[in-house]
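**Student:** For reference, the chains in residue letters:
There are 2 protein chains.
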Amino acid sequence: MTINHQIHLVSRPAGEAVADNFHMVRTRLPTTLADGQVLVRHHYMSLDPYMRGRMNDAKSYAAPQPLNEVMQGGTVGEVVDSKSPAFAVGDKVVGMGGWQEYQVVDAGKPGMLRKVSTEHVPLSAYLGAVGMPGVTAWYGLTQIIAPKEGQTVLVSAASGAVGSAVGQLAKVRGARAVGIAGGPQKCAYVVDELGFDACIDYRQHADLKSFSQALKQACPDGIDGVFENVGGLGLDAALQRMNAFGRIALCGMIAGYDGQPIPLQQPQLLLTHRLRLEGFIVSEHMELWPQALTELATLVGTGKLKYRETVAEGLAAAPEAFLGLLKGRNFGKQLVKLV
Amino acid sequence: MTINHQIHLVSRPAGEAVADNFHMVRTRLPTTLADGQVLVRHHYMSLDPYMRGRMNDAKSYAAPQPLNEVMQGGTVGEVVDSKSPAFAVGDKVVGMGGWQEYQVVDAGKPGMLRKVSTEHVPLSAYLGAVGMPGVTAWYGLTQIIAPKEGQTVLVSAASGAVGSAVGQLAKVRGARAVGIAGGPQKCAYVVDELGFDACIDYRQHADLKSFSQALKQACPDGIDGVFENVGGLGLDAALQRMNAFGRIALCGMIAGYDGQPIPLQQPQLLLTHRLRLEGFIVSEHMELWPQALTELATLVGTGKLKYRETVAEGLAAAPEAFLGLLKGRNFGKQLVKLV
Numbered sequence: 001m002t003i004n005h006q007i008h009l010v011s012r013p014a015g016e017a018v019a020d021n022f023h024m025v026r027t028r029l030p031t032t033l034a035d036g037q038v039l040v041r042h043h044y045m046s047l048d049p050y051m052r053g054r055m056n057d058a059k060s061y062a063a064p065q066p067l068n069e070v071m072q073g074g075t076v077g078e079v080v081d082s083k084s085p086a087f088a089v090g091d092k093v094v095g096m097g098g099w100q101e102y103q104v105v106d107a108g109k110p111g112m113l114r115k116v117s118t119e120h121v122p123l124s125a126y127l128g129a130v131g132m133p134g135v136t137a138w139y140g141l142t143q144i145i146a147p148k149e150g151q152t153v154l155v156s157a158a159s160g161a162v163g164s165a166v167g168q169l170a171k172v173r174g175a176r177a178v179g180i181a182g183g184p185q186k187c188a189y190v191v192d193e194l195g196f197d198a199c200i201d202y203r204q205h206a207d208l209k210s211f212s213q214a215l216k217q218a219c220p221d222g223i224d225g226v227f228e229n230v231g232g233l234g235l236d237a238a239l240q241r242m243n244a245f246g247r248i249a250l251c252g253m254i255a256g257y258d259g260q261p262i263p264l265q266q267p268q269l270l271l272t273h274r275l276r277l278e279g280f281i282v283s284e285h286m287e288l289w290p291q292a293l294t295e296l297a298t299l300v301g302t303g304k305l306k307y308r309e310t311v312a313e314g315l316a317a318a319p320e321a322f323l324g325l326l327k328g329r330n331f332g333k334q335l336v337k338l339v
Numbered sequence: 001m002t003i004n005h006q007i008h009l010v011s012r013p014a015g016e017a018v019a020d021n022f023h024m025v026r027t028r029l030p031t032t033l034a035d036g037q038v039l040v041r042h043h044y045m046s047l048d049p050y051m052r053g054r055m056n057d058a059k060s061y062a063a064p065q066p067l068n069e070v071m072q073g074g075t076v077g078e079v080v081d082s083k084s085p086a087f088a089v090g091d092k093v094v095g096m097g098g099w100q101e102y103q104v105v106d107a108g109k110p111g112m113l114r115k116v117s118t119e120h121v122p123l124s125a126y127l128g129a130v131g132m133p134g135v136t137a138w139y140g141l142t143q144i145i146a147p148k149e150g151q152t153v154l155v156s157a158a159s160g161a162v163g164s165a166v167g168q169l170a171k172v173r174g175a176r177a178v179g180i181a182g183g184p185q186k187c188a189y190v191v192d193e194l195g196f197d198a199c200i201d202y203r204q205h206a207d208l209k210s211f212s213q214a215l216k217q218a219c220p221d222g223i224d225g226v227f228e229n230v231g232g233l234g235l236d237a238a239l240q241r242m243n244a245f246g247r248i249a250l251c252g253m254i255a256g257y258d259g260q261p262i263p264l265q266q267p268q269l270l271l272t273h274r275l276r277l278e279g280f281i282v283s284e285h286m287e288l289w290p291q292a293l294t295e296l297a298t299l300v301g302t303g304k305l306k307y308r309e310t311v312a313e314g315l316a317a318a319p320e321a322f323l324g325l326l327k328g329r330n331f332g333k334q335l336v337k338l339v
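Chains as they are written, first to last, in the UniProt record's numbering: chain A, 1 to 339; chain B, 1 to 339.
It should be emphasised that the hints constitute simulated quantities derived from the structure, not laboratory data. Computed from a predicted structure; not experimentally measured. Some clues are possibly wrong.
[To be verified] Restraint ranges, calculated between C-beta atoms of paired labels, are given here: (1) B:L208 x A:P184: 32 to 42 Å; (2) A:D192 x B:R203: 53 to 63 Å; (3) B:Q291 x A:P13: 18 to 28 Å; (4) A:K216 x B:Q185: 14 to 24 Å; (5) A:H23 x B:G15: 53 to 63 Å; (6) B:L208 x A:L29: 44 to 54 Å; (7) A:Q185 x B:A14: 56 to 66 Å; (8) A:H23 x B:S210: 57 to 67 Å; (9) A:P184 x B:F245: 38 to 48 Å; (10) B:F245 x A:A19: 28 to 38 Å; (11) A:A14 x B:K209: 20 to 30 Å; (12) A:A14 x B:R12: 47 to 57 Å; (13) A:H23 x B:A14: 42 to 52 Å.
[Stated by the list, open to error] As a list, the in silico SDA-like pairs of lysine to any residue whose alpha-carbon atoms are at most 25 Å apart: (14) A:K216 x B:H285; (15) B:K209 x A:G15; (16) B:K148 x A:P64; (17) A:K216 x B:Q143; (18) A:K216 x B:D57; (19) A:K209 x B:D35; (20) A:K148 x B:K216; (21) B:K327 x A:Q266; (22) A:K148 x B:K148; (23) A:K148 x B:M286; (24) B:K216 x A:E287; (25) A:K209 x B:R54; (26) A:K209 x B:K327; (27) A:K216 x B:K216; (28) A:K209 x B:Q260.
[To be verified] Residues of chain A placed beyond 12 Å of chain B at every Cβ, according to the derived structure: (29) D35; (30) A62; (31) I144; (32) S210; (33) A218; (34) G252; (35) P261; (36) Q266; (37) R274; (38) T302.
Quick reminder that beta carbons are idealized off the backbone N, C-alpha and C, glycines included.
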């Protein structure tokens with residue numbers, strides 16, 4: 001009999017999320033699996049900004065995270081027991097195991113578990129550049145922004161799991177990539193290591209005029225596409241600098257998750273610049289995942305798509321690591337390592 | 001020798017546009033036309049909300065209206081002299097003649113003048129339902145919103161030249177049409193005469209909660225498409241009621257033309273509802289005009305597309321009629337009758 005630790009959501013945030021919203025629970029795994037079941041030991045858990053939205057009990061694109069149940073989320077791990085012909089002990093798998101050490105999975109249900117190869121791609125990358133964040137970047141860039149060669153793509157949260165992939169995928173397509181990130185260290189990483197053409201430190205620009213001026217310098221030919229992970233001042237400034245017929249892939253509004261929404265100051269610019277703005281959730285476009293994952297795995301395997309990880313150690317560290325992610329304390333993809 | 005009166009823009013508005021921004025000028029027409037020229041006597045001039053935007057000296061989709069020149073705008077009239085083989089005296093024509101009684105046109109330039117038939121369609125309708133406003137409605141509805149049968153389309157400024165056509169075109173396609181208009185008289189017209197399924201009087205809803213509640217009642221299945229002519233509170237409320245994958249055709253933001261822009265209060269709803277918003281200018285899609293005009297003329301000719309006109313008499317009445325239009329004092333398409 002094996003002990004399994006889980007982290008549950010036990011209360012909803014009133015404003016800012018806090019550690020007390022979470023609670024660790026000790027459970028037992030079943031002694032034997034039923035036919036078709038697989039026992040997965042999680043090696044890494046993914047922490048993602050979208051989880052904050054699900055902590056609220058509000059109408060959104062996904063059902064709220066239920067109270068007093070294990071926090072949902074992506075996981076990678078290894079099959080340690082199997083009564084499914086499709087999975088053998090030792091297989092490396094990607095799933096939605098949630099914030100816990102083990103998960104019993106009904107392997108027969110489609111989409112529950114996917115076997116992956118770690119020959120050219122590290123296991124943890126299947127939660128990042130070759131996983132949901134990478135496909136998110138790929139979808140927004142290729143299906144909404146669709147930059148032409150030489151056009152300028154602006155990406156907020158540019159050092160993060162999604163943003164870093166957006167800029168590199170844009171460069172592969174011959175576009176100019178300009179990032180927005182917090183602090184000189186992240187900005188240097190975005191330009192020097194990821195190969196963006198420029199990066200703006202939003203902490204240096206407290207008002208719209210200053211931010212807009214910085215964008216003008218970084219984007220001398222204007223902005224043709226915005227991949228928006230943040231919202232707020234950066235988006236307001238970007239709207240001022242967009243070229244006619246620009247595209248905005250709206251992926252996240254992290255700045256507004258806590259408390260009040262952040263208004264868009266000049267919506268009339270969407271009209272005067274004839275912009276197209278599209279909100280999207282990558283899990284609603286599963287038909288494109290195979291195509292996206294093939295490109296992403298190839299680019300990671302050949303060193304053309306770089307990424308960075310911030311790794312918290314042990315399940316108990318997950319809540320604080322998640323709260324830090326919401327405040328931008330991570331650097332690249334935020335993971336929790338369990339094994 | 002013929003006298004021609006014109007109205008010029010002589011100053012730019014500081015905030016609200018006022019009558020003093022305009023000035024009437026008396027000019028003389030040339031005694032003889034050059035080869036290829038046509039002299040058109042204007043019967044009707046079109047007054048449109050977009051003209052307010054051009055009065056500002058700001059970056060926009062069109063160059064600003066130059067100072068001390070005739071106000072630009074659509075016109076219909078009759079050829080009274082011609083040195084062009086393409087036009088004969090007596091031809092009815094649509095053009096961009098501006099706020100003046102006559103215009104000398106270089107008829108050889110493409111797009112300057114279009115001959116029209118008044119057999120089934122009244123001349124003035126070529127400035128409204130079978131002209132730029134009608135094509136604007138057609139483009140936003142069919143190319144951006146593209147409603148499926150049974151879906152709900154919300155239209156602001158629903159009794160206006162564009163909005164009235166949007167709702168009727170939606171009904172022709174089997175969609176549900178819900179309007180927003182100012183006052184009980186306009187709302188009754190929208191439902192009883194134009195055949196919309198419901199109409200909300202925005203004057204009855206001073207805050208977001210009240211407006212949103214009214215939309216919930218008028219749109220029990222949610223909103224699938226918004227044709228936005230106004231912006232502000234109505235758009236904020238509509239966002240709250242939109243269904244997943246809804247489309248917003250952004251055509252006008254009349255509420256923000258004077259002075260400060262009106263922020264969009266909850267832009268995060270664009271993401272949570274996975275909406276697509278597109279700003280457009282119908283003059284940039286000329287390739288679709290023939291298709292649109294064919295449908296619009298057929299519908300008007302067969303009585304299936306109704307419209308109303310507010311007609312000011314004489315060139316001197318144009319400034320006040322235009323200022324009234326900006327305040328919603330017109331009812332349907334605002335015209336100035338010159339002959």
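**Student:** Decide, hint by hint, whether the structure agrees.
**Tutor:** Quick rundown of the hints versus the structure:
Between L208 (chain B) and P184 (chain A), the C-beta spacing of about 41 Å keeps the proposed range 32 to 42 Å intact. The hint said 53 to 63 Å for the Cβ distance between D192 (chain A) and R203 (chain B), and at roughly 58 Å that hint holds. About 52 Å separates the C-beta atoms of Q291 (chain B) and P13 (chain A), a value inconsistent with the hinted range of 18 to 28 Å. A beta carbon spacing of about 48 Å between K216 (chain A) and Q185 (chain B) contradicts the range 14 to 24 Å that was offered as a hint.
Against the hinted window of 53 to 63 Å, the Cβ-Cβ separation of H23 (chain A) and G15 (chain B) comes to about 56 Å, which satisfies the hint. Our hint of 44 to 54 Å for L208 (chain B) and L29 (chain A) holds, since their Cβ atoms are close to 50 Å apart. Separation of Q185 (chain A) from A14 (chain B) is about 46 Å and departs from the stated range, judged on CB atoms against 56 to 66 Å. For H23 (chain A) paired with S210 (chain B), a C-beta distance near 41 Å fails the hint of 57 to 67 Å.
A hinted range of 38 to 48 Å holds for the C-beta pair P184 (chain A) and F245 (chain B), which are about 40 Å apart. The beta-carbon spacing between F245 (chain B) and A19 (chain A), approximately 36 Å, falls within the hinted interval of 28 to 38 Å. For A14 (chain A) paired with K209 (chain B), a C-beta distance near 21 Å keeps the hint of 20 to 30 Å intact. Between A14 (chain A) and R12 (chain B) the beta carbons are some 49 Å apart, a value that agrees with the proposed interval 47 to 57 Å.
H23 (chain A) and A14 (chain B) have their C-beta atoms about 60 Å apart, which leaves the hinted 42 to 52 Å range violated. Simply put, K216 (chain A) and H285 (chain B) have alpha-carbon atoms about 29 Å apart, too far for the 25 Å limit, and the pair is violated. With a CA separation close to 21 Å, the supplied pair K209 (chain B) and G15 (chain A) stays within the 25 Å bound. For the hint linking K148 (chain B) to P64 (chain A), the alpha-carbon distance of about 30 Å lies beyond 25 Å, and the restraint is violated.
With a C-alpha separation of about 32 Å, the suggested pairing of K216 (chain A) with Q143 (chain B) is violated against the 25 Å cut-off. Restraint check for K216 (chain A) and D57 (chain B): satisfied, since their Cα atoms lie roughly 20 Å apart, inside the 25 Å limit. The hinted pair formed by K209 (chain A) and D35 (chain B) fails the criterion: a straight-line CA distance of about 53 Å is larger than 25 Å. Proposed proximity of K148 (chain A) and K216 (chain B) is contradicted: the alpha carbons are some 41 Å apart, above 25 Å.
Taking the CA atoms of K327 (chain B) and Q266 (chain A), the gap is near 21 Å; set against the 25 Å cutoff, the hint holds. Annotation: proposed proximity of K148 (chain A) to K148 (chain B) is violated, straight-line Cα distance about 32 Å (limit 25 Å). Among the hinted pairs, K148 (chain A) with M286 (chain B) is consistent with the structure: their alpha-carbon atoms are about 23 Å apart, no more than 25 Å. The straight-line distance between the Cα atoms of K216 (chain B) and E287 (chain A) is roughly 34 Å, outside the 25 Å bound, and the hint therefore fails.
For the suggested pair K209 (chain A) and R54 (chain B), the alpha carbons sit about 24 Å apart, so the restraint of at most 25 Å is met. Under the criterion of a C-alpha separation no larger than 25 Å, the hint pairing K209 (chain A) with K327 (chain B) is inconsistent with the structure, at around 31 Å. In summary, the hint linking K216 (chain A) to K216 (chain B) is not supported, as the alpha carbons are separated by about 42 Å, beyond the 25 Å threshold. Distance restraint check for K209 (chain A) and Q260 (chain B): the Cα-Cα separation of roughly 16 Å lies within the 25 Å cut-off, and the hinted pair is therefore satisfied.
Its beta-carbon lying about 37 Å from the closest one in chain B, D35 (chain A) satisfies the requirement of being farther than 12 Å from that chain. Once the 12 Å rule is applied to beta carbons, A62 (chain A) is inconsistent with being away from chain B; the minimum gap is 9 Å. Interface exclusion of I144 (chain A) from chain B breaks down, the closest Cβ pair being 9 Å apart, not more than 12 Å. At roughly 19 Å, the least C-beta separation between S210 (chain A) and chain B is larger than 12 Å, which holds for a residue marked as non-interface.
With 12 Å as the threshold on Cβ separation, the claim that A218 (chain A) sits away from chain B holds: the shortest Cβ distance comes to roughly 19 Å. For G252 (chain A), the shortest C-beta to C-beta distance to chain B comes to about 7 Å, within the 12 Å cut-off, and the non-interface label is violated. The Cβ of P261 (chain A) sits about 5 Å from the closest Cβ of chain B, inside the 12 Å cut-off, so the non-interface label is violated. Remark: the non-interface label on Q266 (chain A) conflicts with the geometry, its nearest Cβ contact in chain B lying 5 Å away (cut-off 12 Å).
A beta-carbon of chain B comes within 12 Å of the beta-carbon of R274 (chain A); the shortest separation is about 5 Å. Here T302 (chain A) stays apart from chain B, with its beta-carbon at least about 33 Å from theirs, past the 12 Å limit.
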